[in-house]
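Colleague: For this one, chain A is given, so just place chain B on it according to the hints.
As they're listed, the protein sequences go chains A and B.
So that you can map any letter, position 34 of the first sequence is 33 in numbering that gives the first Met the number 0, and since no number is skipped, the others follow by simple counting.
So that you can map any letter, position 113 of the second sequence is 112 in numbering that gives the first Met the number 0, and since no number is skipped, the others follow by simple counting.
Hints listed in this document are in silico derivations from the structure and should not be mistaken for laboratory results.
Incorrect hints may have been included.
For chains that are exact copies, the list does not tell them apart, and a pair is met inside one copy or across any two.
To be verified - Calculated lysine to any residue pairs in the SDA-like style (CA-CA distance at most 25 Å, straight line): (1) K164 / T52; (2) K120 / Q107; (3) K18 / E129; (4) K120 / L51; (5) K120 / E196; (6) K90 / Q151.
All values reported here derive from a predicted model rather than from experimental measurement.
There are 2 protein chains.
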Amino acid sequence: MEPVERLPRHFQDELELLKTRLLEMGGLAEENVRLAVQGLVDRNRSGIERVLTGDDPVNRLHVEIDGRCFTLLALFQPMAADLRTIVAAVKINTDLERVGDLAVNIAQAAARYATHPPVKKLIDIPLMAEIAQNMLRDALDAFVRRDVDLAQHVLDEDDRLDALKTQIFRELLTYMLQDPATIEPALDLILVSRHLERIGDHATNIAEDVIFIVSARDVRHPGAQGGART
Amino acid sequence: MEPVERLPRHFQDELELLKTRLLEMGGLAEENVRLAVQGLVDRNRSGIERVLTGDDPVNRLHVEIDGRCFTLLALFQPMAADLRTIVAAVKINTDLERVGDLAVNIAQAAARYATHPPVKKLIDIPLMAEIAQNMLRDALDAFVRRDVDLAQHVLDEDDRLDALKTQIFRELLTYMLQDPATIEPALDLILVSRHLERIGDHATNIAEDVIFIVSARDVRHPGAQGGART
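Pulled out of the complex, with its shape left as it was, chain A reads as follows:
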């Protein structure tokens, strides 16, 4: 899988730095998700406010990492696994930026939710958040360590997230049908569960990229393998 001619040491250092910055960005995005969901559960305005006003560092990293990818492609013209890693980094960077956006969306819903009496004790939403955060962390670890088994584990976890989302929807629908006063806040909880599901989707995207980098095997569309990808 490795290119026959290794690129200069300088390239490997830069590639390591790129990975470090992606991990850093993932850490920031994940922390914002955690804060937003914590703010929803605790009805903690200051935590929510921190997420609403604090996505600049994620956005700065997004621009910086994109720049690093371009520089690496332009200066070193890497081949094979190195090329796949950098193109994957471009995609992962986009995924992580969206996770940062979704943390803001969750915080927005949490801010609205806090203006209503609570619909119910929140148990499944923090559980969804925990699963989604773990998926994200595992997917990035799998990327850095080129760990296909861990990437596959991330793909498997997505089903749990999907099942929880469906369960949350059904439960909240029951509340809404019984008491119209719960309609508005329950809608925000439904939205939060969908934002968390999408965070899981982004982790899944990253895991699929990892499998492609390591094995040059595309697992994204079973049955659509007639493409030019090799």
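Modeller: Okay, now just chain B, sitting in the frame of chain A:
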């Protein structure tokens, strides 16, 4: 903006082919969005079914286009504007695949919606769909023609989509509060409006990529321009 040394003719042909395939994929994704929304409005099961079972061509193109981008990067090691164009193509390919997924999500909501009596005559949702489809088409045209003004127009249209989404939400909330029988179908309409908003977001991503390709100017995060991007 053009690289000083032009890459061989073969490269330019391949780049044109890549653009053609992206347009083709955009056309397929857009057609699926149109069919799904039409199915929602007309309660037309066969149209909905076509979208639910028909995203294979989009997925095949997704894999093929990714392969073309890799091949172009590996074989020709393009620089400057050509490099930016291919990296943008990788991202646009991801955006278009998500639009295809969102068309399926809309069709799923349409299938559920058709099992309930209609909540209201649908006017704003088809309007949102029309705006989102135009944004997508314009963004891809802007990419192919390197048209920054058209890309900027796409960015401006996103506000209209956002305003319509908010308006639809408020209106449907009123229905839900007045008549619990509308809660379930109204929820699906709210979801559809959010899927359409996200299609607009993907068009916006593409438009931002176009501005970056042509002007090497990053318009994504005003105020986050301390990055390494040049």
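Colleague: Go through the numbered hints given earlier and state which of them the structure violates, listing their numbers in rising order.
Modeller: Structure breaks no hint.
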